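J.: Protein chains in written order, with my numbering: chain A, 1 to 268; chain B, 1 to 268; chain C, 1 to 268.
It is worth saying that the hints were derived from the structure and are not from the lab. None of the values given here were measured: they were computed from a predicted structure. Beta carbons are placed, not taken as given, at the ideal position from N, Cα and C, and that holds for glycine. Keep in mind that a hint or two might mislead.
The list that follows gives simulated cross-link-like pairs (lysine-lysine, DSSO-like), each with its CA atoms no further than 30 angstroms apart [claimed, not checked]:
#1 B:K227 with A:K158
#2 C:K158 with A:K227
#3 B:K168 with B:K84
#4 A:K84 with A:K168
#5 B:K158 with C:K168
#6 C:K168 with C:K268
#7 B:K58 with B:K84
#8 A:K227 with A:K168
#9 A:K227 with A:K211
Here are some chain B residues the structure puts well away from chain C; computed CB gaps all over 12 angstroms [stated by the list, open to error]:
#10 E14
#11 F17
#12 L26
#13 N27
#14 H39
#15 D105
#16 V122
#17 D131
#18 G150
#19 V166
#20 P209
#21 S249
#22 S265
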Amino acid sequence: MSRVITLLTDFGYESYFVPSMKGVILNINPNATIVDITHAIPQFNIFKAAFTLWASYKYFPRGTIHVVVVDPGVGTSRRALVIKTRNYYFVGPDNGVLMMAAEDDGIEDIRSIENRSYMRPVVSSTFHGRDVFAPVAAYISLGLDISLLGPRVTDPIKLPIPPNTVSKGFARSSIIYIDHFGNAYTGVRSSDVTIMGLGYGDTLRITVPRKNLEIEARFLRSYGFAKEGETLALINSEGFLELSVNRGSFASRYGIEEGDEVVISIVK
Amino acid sequence: MSRVITLLTDFGYESYFVPSMKGVILNINPNATIVDITHAIPQFNIFKAAFTLWASYKYFPRGTIHVVVVDPGVGTSRRALVIKTRNYYFVGPDNGVLMMAAEDDGIEDIRSIENRSYMRPVVSSTFHGRDVFAPVAAYISLGLDISLLGPRVTDPIKLPIPPNTVSKGFARSSIIYIDHFGNAYTGVRSSDVTIMGLGYGDTLRITVPRKNLEIEARFLRSYGFAKEGETLALINSEGFLELSVNRGSFASRYGIEEGDEVVISIVK
Amino acid sequence: MSRVITLLTDFGYESYFVPSMKGVILNINPNATIVDITHAIPQFNIFKAAFTLWASYKYFPRGTIHVVVVDPGVGTSRRALVIKTRNYYFVGPDNGVLMMAAEDDGIEDIRSIENRSYMRPVVSSTFHGRDVFAPVAAYISLGLDISLLGPRVTDPIKLPIPPNTVSKGFARSSIIYIDHFGNAYTGVRSSDVTIMGLGYGDTLRITVPRKNLEIEARFLRSYGFAKEGETLALINSEGFLELSVNRGSFASRYGIEEGDEVVISIVK
Numbered sequence: 001m002s003r004v005i006t007l008l009t010d011f012g013y014e015s016y017f018v019p020s021m022k023g024v025i026l027n028i029n030p031n032a033t034i035v036d037i038t039h040a041i042p043q044f045n046i047f048k049a050a051f052t053l054w055a056s057y058k059y060f061p062r063g064t065i066h067v068v069v070v071d072p073g074v075g076t077s078r079r080a081l082v083i084k085t086r087n088y089y090f091v092g093p094d095n096g097v098l099m100m101a102a103e104d105d106g107i108e109d110i111r112s113i114e115n116r117s118y119m120r121p122v123v124s125s126t127f128h129g130r131d132v133f134a135p136v137a138a139y140i141s142l143g144l145d146i147s148l149l150g151p152r153v154t155d156p157i158k159l160p161i162p163p164n165t166v167s168k169g170f171a172r173s174s175i176i177y178i179d180h181f182g183n184a185y186t187g188v189r190s191s192d193v194t195i196m197g198l199g200y201g202d203t204l205r206i207t208v209p210r211k212n213l214e215i216e217a218r219f220l221r222s223y224g225f226a227k228e229g230e231t232l233a234l235i236n237s238e239g240f241l242e243l244s245v246n247r248g249s250f251a252s253r254y255g256i257e258e259g260d261e262v263v264i265s266i267v268k
Numbered sequence: 001m002s003r004v005i006t007l008l009t010d011f012g013y014e015s016y017f018v019p020s021m022k023g024v025i026l027n028i029n030p031n032a033t034i035v036d037i038t039h040a041i042p043q044f045n046i047f048k049a050a051f052t053l054w055a056s057y058k059y060f061p062r063g064t065i066h067v068v069v070v071d072p073g074v075g076t077s078r079r080a081l082v083i084k085t086r087n088y089y090f091v092g093p094d095n096g097v098l099m100m101a102a103e104d105d106g107i108e109d110i111r112s113i114e115n116r117s118y119m120r121p122v123v124s125s126t127f128h129g130r131d132v133f134a135p136v137a138a139y140i141s142l143g144l145d146i147s148l149l150g151p152r153v154t155d156p157i158k159l160p161i162p163p164n165t166v167s168k169g170f171a172r173s174s175i176i177y178i179d180h181f182g183n184a185y186t187g188v189r190s191s192d193v194t195i196m197g198l199g200y201g202d203t204l205r206i207t208v209p210r211k212n213l214e215i216e217a218r219f220l221r222s223y224g225f226a227k228e229g230e231t232l233a234l235i236n237s238e239g240f241l242e243l244s245v246n247r248g249s250f251a252s253r254y255g256i257e258e259g260d261e262v263v264i265s266i267v268k
Numbered sequence: 001m002s003r004v005i006t007l008l009t010d011f012g013y014e015s016y017f018v019p020s021m022k023g024v025i026l027n028i029n030p031n032a033t034i035v036d037i038t039h040a041i042p043q044f045n046i047f048k049a050a051f052t053l054w055a056s057y058k059y060f061p062r063g064t065i066h067v068v069v070v071d072p073g074v075g076t077s078r079r080a081l082v083i084k085t086r087n088y089y090f091v092g093p094d095n096g097v098l099m100m101a102a103e104d105d106g107i108e109d110i111r112s113i114e115n116r117s118y119m120r121p122v123v124s125s126t127f128h129g130r131d132v133f134a135p136v137a138a139y140i141s142l143g144l145d146i147s148l149l150g151p152r153v154t155d156p157i158k159l160p161i162p163p164n165t166v167s168k169g170f171a172r173s174s175i176i177y178i179d180h181f182g183n184a185y186t187g188v189r190s191s192d193v194t195i196m197g198l199g200y201g202d203t204l205r206i207t208v209p210r211k212n213l214e215i216e217a218r219f220l221r222s223y224g225f226a227k228e229g230e231t232l233a234l235i236n237s238e239g240f241l242e243l244s245v246n247r248g249s250f251a252s253r254y255g256i257e258e259g260d261e262v263v264i265s266i267v268k
C-alpha cells in the first residue's frame, strides 16, 4: 500500500478543520504521508475542486488515497463514497467532485460508506471530513478491503461537462479554470487545436459575449515569447488552450470569470 | 514517543518564519512528522489561537507535541513554557494561549524553559519560535525529560472565559469564534441547549446589542436542511450552538464579529 | 543523503501546481520529506524569493535539496540549474533566485540541467516545476551524481545587491524585505550598527525620500519594550536593522514599500 493520503477541501487555511482531519489520520495510521492538494477551493465550488483533483491526482504514487471534502450537503441524505480506480482510491461526498478524476483513471468499484466501524465513534452532522472521510482514508491506507465499507454504488452523481464546438479556424468553448496567475483555460484541447489548424505565430480573435469584448492574441509556445504585458494564447501544461498576459493577469485585465463563454477564430 | 509536532502561529504563509522553524526541528529530529495547525491566526489574537488549538489538539496521536507561537511579548520577561498533560505536550509563551487545551486534557507538569542547552546557540530577541520553541519541541520528540528544561511553574497566565447565562427558553452569551465559512459559534454548549429546551424545528430570536439587530433562525440538524440563503442555528461539530446561513456567510450578512454579545430566546 | 526537499514558489496555495510537484517527487522517492518554504511569493518577485530562501535554507539538515520556482522565463532559452554548495543542493531557473543563498553557503559546482533522462517523459513549455525541477530534486535525493545532469556552468546570473553607505551616526540604505507583520528590514547589518555607534535607547531619524517622510524611532531590544503603537527600530533575527511598530504595521502606517530608499541618522 502507498502511505500517501491527499486532502482537497474548501476549508481554508485559518480554521481547525484541516489539522483535525490530519490528527485523525495520524492517530489511525502514524506512517501516513499526508499531502495537501489545496484547501482554498472557493466555498462549495464543486467544479473547481473536481478540475484541481483531475489536474494533480495522476502524479502521485500508485495506491495514493485522494480525499475531497467540498460538501454543501453534509449531514443530509447525500451519500459518502469510496471509488477504487485502476491506480488510486478517491474518498468524498457523492456530488460529482470525485468523478472527473476517477473516470479519467478508470473506475473499478464504487462503495457507499455506511459501516460505522470505520468512522469516528460519534459522527457530527456538519464535519464528515473529520468524522467519516479522514478515518476511512486512514483505514484504506492500512489495507482495508473497501467492500467492507458498504454496498456497491452504480449511479454516482456526475458533473455536467461544458460543451465545445470546434472546426477549421474556429472554436466555441468556455473558460473552465482560472489559475493563480490569472491565466484562463478554455475547454479547447490540444487535439482541437490541430483540428482548428492553429500554428505558432498565428493571431486569434477571442470574443467574450458576456463582456461584449473582442481580444486579439498571438498563439505562442510559452509566456516568455510574448512582450511584457502582451496578450497571448498557448497550449498549457494540462493540454488546454490558455489565454494569458505575459507577466500580467488575463482574468483581471479583461474581467473574465470561470464559466464565461468564448468564441475563438484564427484571424491570420 | 510520538514523532508528531504541530505548529500553530500568527506568522502567515508568505514569510520565512515557519519553514525556519521546520528546518530547526528536522535538523534535531529528522524523523519528526510536522503538521501545520494554521499560521493564519490574526496577528496577536491569543484567544483565537487558544480556541483553534483546543478544537484540534485532541485528534492527534498520544504524545504529540503542540507548539504555539502567538507571542506579542517576545524578548521581554514573559516566560516560555512547556506543559505536560495527560496525553500531550504543549510548548509556547506564557500568555494563556496554551491553557484552554492543556486544562482540557489535564495538566500534569508545567516548566519554565530556561536551560540554554536546548535552545539554538544564539537566541534572537524577536524569533523565539525558531530559537527556543522549535528546538525544545524537537528535543522533547527525542525523549527529553522536561524537568531538565527549567523550574516548575505554578502560576501560568490564563485567559478570561466569556460568561454565559442559560435558562429555560433563554441564553445570554457571546460569539467566541467565526470560522472560514462565516459561521458564528456562540458560547452556548449542547448541554446548555438541553437546559434551554430547544428542539429541531424551533425558531430562535437572536439579538445582537452592538449592532442593534434582531435575527430569526430555525434550529436544524445541518446546513443542508435549510433553504439556500436561509439563516439557521445548529449544534456544530465542536458542541457549540452555531449561527449560520446555508451556502452563505452569517458573519458577513449581519456584520457580526468575535466578541459580540448575543441574547437568544426560543420564539416558537 | 538527506531525504528533505523544500519547495519555494510563486504558485499560490489554491492551484494544482504545488501538489503536482509533490506527487512527482513522491513517485520517484516515496521516502522524501517535503517541506514548503512558501508558495506566496508575489508573482515573479525574484528578489523576495531569493531573500526568503537565504533566510531559511541554513536551518535545514545537511544535504537538503532546495527547489525554487519563480520563473517568468519558463519555456524560453533560460537555463535550468542545479547548484551544489558546501551543505546543500539548490535547484531552479538561472535568473539569480538561487544565488544569494548558494553563495552564502559556498558554491562547489553548478550544472545546467539538460539530460532528459531525469525529467518527466513529456516536458511542457510552461510548467518546468513539475516536469524538470521536481523530478531532478527527487533523483538527487536518491543520490544522483549531479555531473550527469549536464555541463558545468561558470556564469550564473546574479541579482544586483542594493548598496549601503554607513558611517558614524549615519546610514543610507533601502528597504530589502517587508515581513508578515509589516516590519521593514533595512539593508543595514548589525556590524553596520556598531560602525554607526548606535546603542539601546538612542533615537533615530529615518527619512524616506520617495514619501517625503521623516520618522523618529527609538532603538530597542525587542517589540515589547516599546509602547503599544510606538514606532521602534531593532536588530532583528536575521541581523538587519528593522523598522517596526509595536503591535502594528510599520509598512502600512507609513506606506513603505520594498525598494524604498531610507536615510538614517542618530538624533540623540
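J.: Against each hint, give a clear statement of whether it holds in the structure.
T.: Hints and how they fare:
A distance of roughly 23 angstroms separates the Cα atoms of K227 of chain B and K158 of chain A; the hinted pair therefore holds under the 30 angstroms criterion. For a cut-off of 30 angstroms, the pair hint linking K158 of chain C to K227 of chain A stands: about 23 angstroms separates their Cα positions. Simply put, K168 of chain B and K84 of chain B have alpha-carbon atoms about 39 angstroms apart, too far for the 30 angstroms limit, and the pair is violated. Pair hint K84 of chain A plus K168 of chain A does not hold up; C-alpha atoms about 39 angstroms apart against a cutoff of 30 angstroms.
Only pairs whose Cα atoms come within 30 angstroms are accepted, and K158 of chain B paired with K168 of chain C is rejected, the gap being roughly 47 angstroms. Restraint check: the Cα-Cα separation between K168 of chain C and K268 of chain C comes to about 13 angstroms, which is no more than 30 angstroms; the hinted pair holds. For the hint pairing K58 of chain B with K84 of chain B, the CA-to-CA distance comes to about 14 angstroms; that is within 30 angstroms, so the pair holds. With a C-alpha separation of about 28 angstroms, the suggested pairing of K227 of chain A with K168 of chain A holds against the 30 angstroms cut-off.
The suggested pairing of K227 of chain A with K211 of chain A holds, with an alpha-carbon distance near 25 angstroms, which does not exceed 30 angstroms. A beta-carbon of chain C comes within 12 angstroms of the beta-carbon of E14 of chain B; the shortest separation is about 4 angstroms. Look at F17 of chain B: its CB is around 7 angstroms from the nearest CB on chain C, not clear of 12 angstroms, so calling it non-interface is violated. Non-interface status of L26 of chain B relative to chain C is broken: a Cβ of that chain comes within 12 angstroms, the nearest being about 5 angstroms off.
A beta-carbon of chain C is positioned within 12 angstroms of the beta-carbon of N27 of chain B; the least distance is around 5 angstroms. Its beta-carbon lying about 9 angstroms from the closest one in chain C, H39 of chain B breaks the requirement of being farther than 12 angstroms from that chain. The Cβ of D105 of chain B sits about 28 angstroms from the closest Cβ of chain C, beyond the 12 angstroms cut-off, so the non-interface label holds. A cut-off of 12 angstroms between C-beta atoms contradicts the statement that V122 of chain B is not in contact with chain C; the least separation is 10 angstroms.
Here D131 of chain B does not stay apart from chain C, with its beta-carbon only about 7 angstroms from theirs, under the 12 angstroms limit. Interface exclusion of G150 of chain B from chain C stands, the closest Cβ pair being 20 angstroms apart, more than 12 angstroms. The claim that V166 of chain B is not at the interface with chain C holds, since no C-beta of that chain comes within 12 angstroms of its own (minimum 35 angstroms). Once the 12 angstroms rule is applied to beta carbons, P209 of chain B is consistent with being away from chain C; the minimum gap is 27 angstroms.
Every Cβ of chain C is farther than 12 angstroms from the Cβ of S249 of chain B; the closest lies at roughly 18 angstroms, confirming the non-interface assignment. Look at S265 of chain B: its CB is around 38 angstroms from the nearest CB on chain C, clear of 12 angstroms, so calling it non-interface holds up.
The structure fails hints 3, 4, 5, 10, 11, 12, 13, 14, 16 and 17 (numbered hints given earlier, in ascending order).
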